[in-house]
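Enquirer: In order, the protein sequence lines correspond to chains X and H.
Quick note on numbering: my numbering labels position 145 of the first sequence as 145, and the sequence is numbered without any gaps.
Quick note on numbering: my numbering labels position 354 of the second sequence as 354, and the sequence is numbered without any gaps.
Be aware that one or more of the hints could be misleading.
[Claimed, not checked] Below, simulated DSSO-like cross-link-like pairs (lysine-lysine); rule was C-alpha separation at most 30 Å, straight line:
| hint | chain 1 | residue 1 | chain 2 | residue 2 |
| --- | --- | --- | --- | --- |
| 1 | X | K249 | X | K281 |
| 2 | H | K18 | X | K595 |
| 3 | X | K18 | H | K558 |
| 4 | H | K18 | X | K558 |
| 5 | H | K218 | H | K8 |
| 6 | X | K510 | X | K600 |
| 7 | H | K249 | H | K430 |
| 8 | X | K8 | X | K153 |
| 9 | H | K8 | H | K208 |
| 10 | H | K595 | X | K18 |
| 11 | H | K226 | H | K499 |
| 12 | X | K297 | X | K499 |
[As the list claims (entries may be wrong)] Non-contacting residues of chain H with respect to chain X, defined by C-beta distances greater than 12 Å in every case (computed):
| hint | residue |
| --- | --- |
| 13 | A41 |
| 14 | K283 |
| 15 | E372 |
| 16 | E477 |
| 17 | D523 |
| 18 | R531 |
| 19 | E587 |
Derived by calculation from the structure, the hints in this document are not laboratory data.
Where is the CB? At the ideal position from N, CA and C, for every residue including glycine.
Number of protein chains: 2
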Amino acid sequence: MIGGYAGKILRIDLSRSKILFENLDYQLARRFIGGEGYAAAIMFGEVGPDTGPFDPENRLIFMTGPLTGSTVPCGNKLTVVSRSPLTGIWGEALFSASMGVDLKRAGFDGIVIQGRSESPVYVSINDAKVQINNAERLWGKDIFATFDAIREKSDNGTTMVCIGPAGEKLVKIACIVSDEGRVAGRTGMGAVAGSKNLKAIAVRGTGKIGVADESRLKKIREDAIKTALPNTKAFRDNGTAAGVLAFEKTGNLPLKNWTRGTFPEAAKIDGATMTQTILVKRKACFACPIACGRHVKVAGSPYAMEGPGPEYETMAALGSLCMNSNLESIAKANDICNRLGIDTLSAGGAIAFAMECHEHGLIADSAGVDLEWGNPDAIVKMVELIGKREGLGATLGEGVLSAAHIIGGGSERFAIHAKGLSFPMHNPRKFKSMGVAYATSNRGACHNRGSPFMNERGMLSPELPWNRSYDGLSTEEKGRMTKVYQDVCCAMDSVGVCKFFVFWGRVPLKFLSDSYSAVTGWDMSFDELLRAGERIWLTQRSFNVRMGATQEDDTLPKRFLEESVDEGPVRGQIVELEQMLGEYYRERGLDAVGKPRKEKLFELGLDSVASVLY
Amino acid sequence: MIGGYAGKILRIDLSRSKILFENLDYQLARRFIGGEGYAAAIMFGEVGPDTGPFDPENRLIFMTGPLTGSTVPCGNKLTVVSRSPLTGIWGEALFSASMGVDLKRAGFDGIVIQGRSESPVYVSINDAKVQINNAERLWGKDIFATFDAIREKSDNGTTMVCIGPAGEKLVKIACIVSDEGRVAGRTGMGAVAGSKNLKAIAVRGTGKIGVADESRLKKIREDAIKTALPNTKAFRDNGTAAGVLAFEKTGNLPLKNWTRGTFPEAAKIDGATMTQTILVKRKACFACPIACGRHVKVAGSPYAMEGPGPEYETMAALGSLCMNSNLESIAKANDICNRLGIDTLSAGGAIAFAMECHEHGLIADSAGVDLEWGNPDAIVKMVELIGKREGLGATLGEGVLSAAHIIGGGSERFAIHAKGLSFPMHNPRKFKSMGVAYATSNRGACHNRGSPFMNERGMLSPELPWNRSYDGLSTEEKGRMTKVYQDVCCAMDSVGVCKFFVFWGRVPLKFLSDSYSAVTGWDMSFDELLRAGERIWLTQRSFNVRMGATQEDDTLPKRFLEESVDEGPVRGQIVELEQMLGEYYRERGLDAVGKPRKEKLFELGLDSVASVLY
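Isolated chain X, as found in the complex (with noise of 0.2 Å):
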């Protein structure tokens, strides 16, 4: 049996109300995976750069993993893959929806949306039930009324996703969010769904998925958990922004739009201090043995709210990125994100842009919002704003580089992005490997689609060609470290295991190739599911060249290449990029121009993406 696979893709044209089942190509399966990997033979085969991403044509994936809902720990994964109107390229989120575990019990690996709907719809699916719904009723409705909604409607245990007013209004930083709290936040897949007036979609799956090795798998994942569960304890504890107060002492930590060095008040934002103020209770997605999700609530103040806690990201991005410290806050403003659905770091990034041009003086009307650095209230406001593409938010939620163009004035150098997607908050300058990751990732400046700094924080993987730890400040071996982790990551994303759990759990990477083979009844040793990994990763820069990406793309903002910060642990640290993108270059096997070379495509099994790009 090929156990892990459901064997079936639906198929779902909304402009021609069309429902197909497709069979799953398990040739191309054993090439590319899941999740993203099939995703992106998929992209490129049907959307060519005459497809705008807002043009009903442009696809819109949902892709699980063959390990998603396998009951491999943290096997919950589920890809969304689109073009990006955010970007102009490749664009994909990933998140831990129930939902893609339903779907696979409903008989399916994934979803592809094609079209756009004449009026708003959601698609429900039971088991082989599947409908395009009117959702004229659900339309303007926040995220979470938006499930309340569906919910009374639908059989109990369906599980959903959906957008909300932000995706709706294709604000270009609008995200995806499932019915537990979970966000498929980057590259503007919302603003996707909304192009083709999707609202949602809700699954119901009482299917079994089946796995090949049950005797097998159950060793596997009582390694793996014994190997993680010491390793992740603060963030059980504390959550993923238990390493805020930490990466302030060590430079990680962005801080005023990465113009300062040194955040005194970094511990009023710090995870362990939201354990003792507002947190409720520990969420764990389905069959994470960590529980980093938070539950939080916030009483009598001007943020009152409760619901889903801020992770690392979001704390960073909505706090000290704007040199606010006001937990309470960001809490509140992290909410009215996930009510409206807009993305939490885009946002962070957009509104620190906007407070540094405001201190330039280029910022003439911000409708009565005060953009001093750190306000709290002019935080929770602006995220508000842009979720309803309303005054200076409908310019934010552009995405900083085209605001940039908007706003003018010299303001493209506060707009710290790579390929129009805003940084993540990890700090180039101190992990200098992280350069060549947010320069090169396919999706944009990105800390998960090659993740090198695992090394520089002493986290070795006896898979991996480097048996001792690199310096985050030197240039040494960071080109090949970063080819070989975008290589880890597309293997690790497509599979549909969360990479918090393998990275910050030290479990050997070799567990997803033994899981893989355990749960399909393939063997597949851990250099097939790395190759695998180089192959989905040249499907998507090739993606991205015909959408017309060259070498040009591959670069980070002057702030990073040119100036570095005057006090702290990173003081005058620049990203020396160049030096490290040509040892890059070669590894990954790309030519002057970054394009993939004809040779790389070939050795591969490429063959057809060559064919398109020569």
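Starting from the known structure of chain X, arrange chain H on it as the hints suggest.
Expert: Just chain H now, kept in the frame of chain X:
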């Protein structure tokens, strides 16, 4: 000698601050004439689907025709061409800017701008001396203030074009304005300039524009003026808005976003009323004997202004389309559009759309503006918000199609557009041929890129294959007629002569080829010129095909295909598009998906276009 052509193209790369003089390709010029024709050949060769409208590598082309500045009557046209950010396809706008004449006198047929400057610049051309100048101090200034500031630093006799704050902020309906107040309005050319950080172009030319056969030209000029003057007297007297009242009587005037059939208050916004109330003086473009231009002044009202007055399209768009009969408010709103730099047609279309959304309860927050039909204050306030990209204006400035996607709630049915460009102010229910013209125009809904209603209005041309006028309400011959008139318009725009003079002046069309022959010394028959028009049209169409346009885009809003008005002269009339379109496709040589047939391309010598499409 080759008269008419200057013989050089100026190419400016703003990314690299490079200025190049290229030779005009005379062989290309003979086949593509000049203006939008020559620009189409450049665009097809240099801008593919992987170059987005705001990408630095998009081209912004300013191109004159061979008759521009030649002293042929109304030989004064300058065309602006780019990939449109409003529609994603062929973008183009034509105006009678004296800067075009000066450009020729300076020795250039056109300017091709590429790249993006890091900070705001303006280009100055003083005969052969071409400079890229810092424009930091001009950025943010309104249109007329910009001209004043540049004029102060320039030699006497310098003519200019520039963008306003709207173009700087990438408002998608931003225009480019000349220092006489003439406007290249449609398809967002101002936003492309803004995306390149290009504020203005200032030109002083002192050379002579060659004419091969002066005495032949003199005779042609005298005959044409003698014919045209009596036929255009109404426009000299009362401007192009002279037709408002008559159009209301015949059913041509757009009313209440195309949902009404009569407007008792039409006389209040008729050109004759303008003459009697706010007209200060008449204004003529270069070499024009008509002087349809208006200079108006409103004193002592909330709408106080002085400057260029509204022409017909503006009067209808900001007037009857929104049920606004307050002439002074239209003059004021027009003035704001001119100063901030937005297209009055698109602005009026967007405001009418917003008013209809408001009527249906779809606009929650209009920032205190009462969007009741006909409210003059709302129109004045909304054009300001659009131009400044603020509040609801930020949404409307995206154009009606995107605005409908943002506002949602089924509002797409109120978005009256073709290919994303909102309708001009002539009713296709009254002139059925215009339905075909709007649906198939290469730049989206346009009455000037194909004006078959000239036949329906009883204005026959002996050079064209119809010796009688066809009823506007019938569909007979309308497919073929649209095809032929599109070719005529391509030819007329490319030589650089004003359509208004030729069509409404009832000047025989042979005037175009005769003038071209006299000026260039190349003997060109009207048939060869028409053939060039067909070649130009198909090159533009092929450009759009590359961008992903198909037969599905050759359509009209349901409001015209299925709905009508229940009163007035066109009561019950719809546009029977499908039957006319079949005939059109056959005549035009398009296949079932709307792609130019290979044989047709070969027939016109467009082998290189065919090799890209096939």
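Enquirer: Which earlier hints turn out false for this structure, listed by number in ascending order?
Expert: none
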